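Student: Here are the chains, one letter per residue:
4 protein chains.
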Amino acid sequence: MATAAIIGTGGYVGQETLDRVLAHPELELAALGSDTLAGQAAACLDPRLNGSAPAFVTNAEARASGADVLFLCLPTAEAAVFEPPAGAVVVDLSGAHRLTDPTLAVAWYDTAPGAWSYGLPELYPPSGRLIANPGCYATAALLALGPLAGVTESAVIDAKSGVSGAGKTLSASSHAGVVLENLSPYSVGAHRHAPEIAQQLGYAVCFVPHLLPVRRGLLATCYVTPTAELRPLLEDAYADSDVVRVLPPGVTPELARVQHTDGAEIGLFEDRATERAIVICALDNLGKGAAGQAVQNANLALELDETAGLRLAGVLV
Amino acid sequence: MATAAIIGTGGYVGQETLDRVLAHPELELAALGSDTLAGQAAACLDPRLNGSAPAFVTNAEARASGADVLFLCLPTAEAAVFEPPAGAVVVDLSGAHRLTDPTLAVAWYDTAPGAWSYGLPELYPPSGRLIANPGCYATAALLALGPLAGVTESAVIDAKSGVSGAGKTLSASSHAGVVLENLSPYSVGAHRHAPEIAQQLGYAVCFVPHLLPVRRGLLATCYVTPTAELRPLLEDAYADSDVVRVLPPGVTPELARVQHTDGAEIGLFEDRATERAIVICALDNLGKGAAGQAVQNANLALELDETAGLRLAGVLV
Amino acid sequence: MATAAIIGTGGYVGQETLDRVLAHPELELAALGSDTLAGQAAACLDPRLNGSAPAFVTNAEARASGADVLFLCLPTAEAAVFEPPAGAVVVDLSGAHRLTDPTLAVAWYDTAPGAWSYGLPELYPPSGRLIANPGCYATAALLALGPLAGVTESAVIDAKSGVSGAGKTLSASSHAGVVLENLSPYSVGAHRHAPEIAQQLGYAVCFVPHLLPVRRGLLATCYVTPTAELRPLLEDAYADSDVVRVLPPGVTPELARVQHTDGAEIGLFEDRATERAIVICALDNLGKGAAGQAVQNANLALELDETAGLRLAGVLV
Amino acid sequence: MATAAIIGTGGYVGQETLDRVLAHPELELAALGSDTLAGQAAACLDPRLNGSAPAFVTNAEARASGADVLFLCLPTAEAAVFEPPAGAVVVDLSGAHRLTDPTLAVAWYDTAPGAWSYGLPELYPPSGRLIANPGCYATAALLALGPLAGVTESAVIDAKSGVSGAGKTLSASSHAGVVLENLSPYSVGAHRHAPEIAQQLGYAVCFVPHLLPVRRGLLATCYVTPTAELRPLLEDAYADSDVVRVLPPGVTPELARVQHTDGAEIGLFEDRATERAIVICALDNLGKGAAGQAVQNANLALELDETAGLRLAGVLV
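Protein chains in written order, with this note's numbering: chain H, 1 to 317; chain G, 1 to 317; chain V, 1 to 317; chain P, 1 to 317.
Bound conformation, chain H alone:
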């Protein structure tokens, strides 16, 4: 058994990572770090953890636990200054190390890229021990557009995410009185996942996210003008994947089939009126969009079965 520690467990991403580590057949939880919860029992986070996880320690203690893999679930600014312990695999779930261009990294995150490898296993497998886990929107857009990069050169990405994508932090925009019965575009044309997507695709994209009145789930509707047939490119890219499903013609992805899972669905459509194609990707922002992908990246770095610990079955309704 390899050992894992979680740094910054109190938020949604930390909780979901913990959940997957506890279910992982080849990972043992070595330490549960949270500076705000240190000293308390795991059940203080959720009564369901009673008896299944150790008490919280500080993030520094979790860092020093000697675990084989550390999952960094910290805010970006804190992740940016975290010093990886020698020898450990570190998967950073924040945005701190996603942008490799130093100018962009400073402009969007005020960080320096450093020696981190971007890890989206199906398309851009990580290398080395320091892995930057992709953003949730970027994951969806890249799963839809990455395999098409050779035959498309521009894209509009209209994305919609549930509220857990913004984390547990209280803000006017996460107040239920604002979210319920509402739909809010935000960071219109100016969201930091746009340069991340562009970095991997090799061309600029126009990206607009919207906040949905759902707890979890993310859907990206991508518009491209292709120069070749797209379906074979998508089907080839994911032919061997247990994580990404390319849906048959006419079947549309929807949130309900990916929520609470670590899988993703892709649907491809032609526009009847223009030359465009529409590629739609649905995933769970906390699953394939965060914790699921982090565990997948860790599995690759630790040379475990790539999908061990992932939620790829069940949750039918």
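Hint data in this document are derived by calculation from the structure and do not stem from the laboratory.
Small disclaimer: the values here were computed from a predicted structure and weren't measured.
All clues stand as given, with none of them false.
The following label-pair restraints were derived from C-beta to C-beta distances:
id, chain 1, residue 1, chain 2, residue 2, range
1, G, Pro-25, V, Ser-173, 38 to 46 angstroms
2, P, Thr-103, G, Ala-60, 46 to 54 angstroms
3, V, Ser-154, P, Pro-75, 39 to 47 angstroms
4, V, Ala-190, G, Pro-232, 57 to 65 angstroms
5, P, Arg-272, V, Glu-83, 29 to 37 angstroms
6, H, Ala-228, P, Pro-85, 49 to 57 angstroms
7, P, Pro-249, G, Arg-272, 52 to 60 angstroms
8, H, Ala-190, V, Gly-114, 49 to 57 angstroms
9, V, Glu-275, P, Pro-75, 27 to 35 angstroms
Virtual Cβ for every residue (Gly too), placed ideally from N, Cα, C.
Starting from the known structure of chain H, arrange chains G, V and P on it as the hints suggest.
Tutor: Below, chains G, V and P without anything else, positioned relative to chain H:
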């Protein structure tokens, strides 16, 4: 006082039209038509109507009521064969008479266009007595893109609507177990509002609607590549409008501010990464997207105050 | 025209009161008070207010505006120390002056009751110029149980409210990630509306509120063991009311018919298995449960038409 | 490995049972029955089933499959006339065999009880091979009240359920336009789970269910007047259970912690104002309220590990 009759009152659009007619200072309700409810008291539709509206009559009786204006709230196939009584203004809220090209009208609706005038008051004011009320998606897209038609020549329209947009009809896709905590794209690249939008703009559009887990409200996010500055065009178009608000730079439209109203909001944004502009329009699919606009069209045809009976104030939270 | 000022306009209750004052045919808005928004245009609160309301002033300035009626929309602690200006009608929408027993007022609100009159117009009409507007849960429970007080002597009140009932304040429990797809009982058996209900009924009640994943609306399901027939008591109590509807046998109240209105619905049912009766009241927590009732109370105190400015028609779907 | 067949897989309860059978370490799926889907691949029900389940057969074929356990996921009327094959364990998830009193069985379900055993494992373990799986509301009410039956003799049960509780059947009340932003009491004082609860408790109960705008999850708020301390009774009843958690004082059950799981949470509270105690139980109507409990009952009948195949960990957010 002018008199009004409603043909086909039992659905959402009929109810909302009734609601506005009852509140209209210059319209008197002459007849409430519904073939399924004929003979019953108005309160059978909703207890709140107790005492405020006459009993239901058949649609044929409502047609023969001699009302100055008839609101046709029938399914498209029934509206297509409705014979307007001589002399009356008729506002058709179905899709039957929206497409003026006979080939398209047959292809999308299996109807013949006839002598109906498309009525979107701010941009394409109706003429004559027979008025085709625009589709909800088309209204939002056209409010966003109509004033820009001279400086744009292609558009992606990513739209999202609440479930009342699909009417009261029971279907697998309107079951709450499918809608809640979900987001479903549908008719991807193949929705009949696309040719309607194209007809008015003069160029083809790529249009994808999504079903939101909200009761009412519709938001269209439109992507264009402009050849001139857009803000002055939008502000000029709606400078005198009490119905459409162009929001200041940086303010995003949202459903919550237009739900239960007959107004619309438009926001304009530049994309940081590409040459595109993003124009977002929010409205209530049953308000400006249906009944509110129908009353507005009727007011114009009857030479009443254009906004009489409309909901343009209130409902703050 | 009488004049009105609002003290503390920034929250949900203040907004909704403003909304009704603006629509009121016999009230003119003299001052819009908010210490946090003072100096800014009304549209900073909501773009829809552009042009329809004066700029914000401080609460002290609003208090000194000489208005005939002041709507106090402050947090309880601030309302408790507010000094009513001489001669003005003051309607306090907070909890500060609802409990008339000094011991209870201290225990539940840390306030002193003072010379305020409890005002629930249909059952306990206010007297004098200082009016304590009832709590939202208390209003629903009292509308259901007040007319039955002579033939019942104990009640279980199971209530459910939308999130706007808790105001705009950010808290872990109002985060959309907690509210969506959830139902949370809170203050179980220990909510401060219980003594308020008991004060008016004359007997203690067992009261449990639950937070619903809806924006607005409140439903109280009340269980009593009656000693006489209840329907005539309810029907008599509200026979002349334009605000409260007693539904016919078999029709159940629901949120959707009272949301965005100032009305209330009451349904009465017998339990098949026990001796109990079930009385259900639905209202909008921001309408009859707050701002609508405050305007109704103000109307009575100013000797205006009781329902002037209230929303009692429309919003059918 | 024991073998299992599902009869009537197309609805929510069938899907969820299938989901658990597929995840069960000691059950092998022998046949997937559905008269409407017979002959089609499993993926026609849900693309996620591609490759993980056999094609659908008719219910008669599934019945004749020789499986060790049959899960009957049929409508009540069809389940009532189903003939159990000799030797097989049959778990009936419908209401057909829950009421043991012939008069009540006819009155509420128009069925005859027959030789079926009511199976709620923690309180009323099944005996024999024919097991009636409890109703979802009944399960929640009984988990809350069953251990207290000796010291309580009357109860009010106010219950709230997500829409999946009503199944996939289309009806006016399951239309998303009715469910969203709404709360609807139904079958007030006259629901068929009331006699089922009473049968197990030994006293009549007053029961009112409400339809919540959530996809899944059920919460029952139970009001009793106890004659002894209740907490020890609850804690003793579930001390050894991996399925039911009695929460510490002050912690309230909520839907979000039981959704998508087969567990249940119970919270106990004293009312401050009256002699009543409030016992709240939350569970997933499709988990412990249906498919999870069915598998638990099957495990007992087959002498497998009681919780094998159940979802008792994970799904933290």
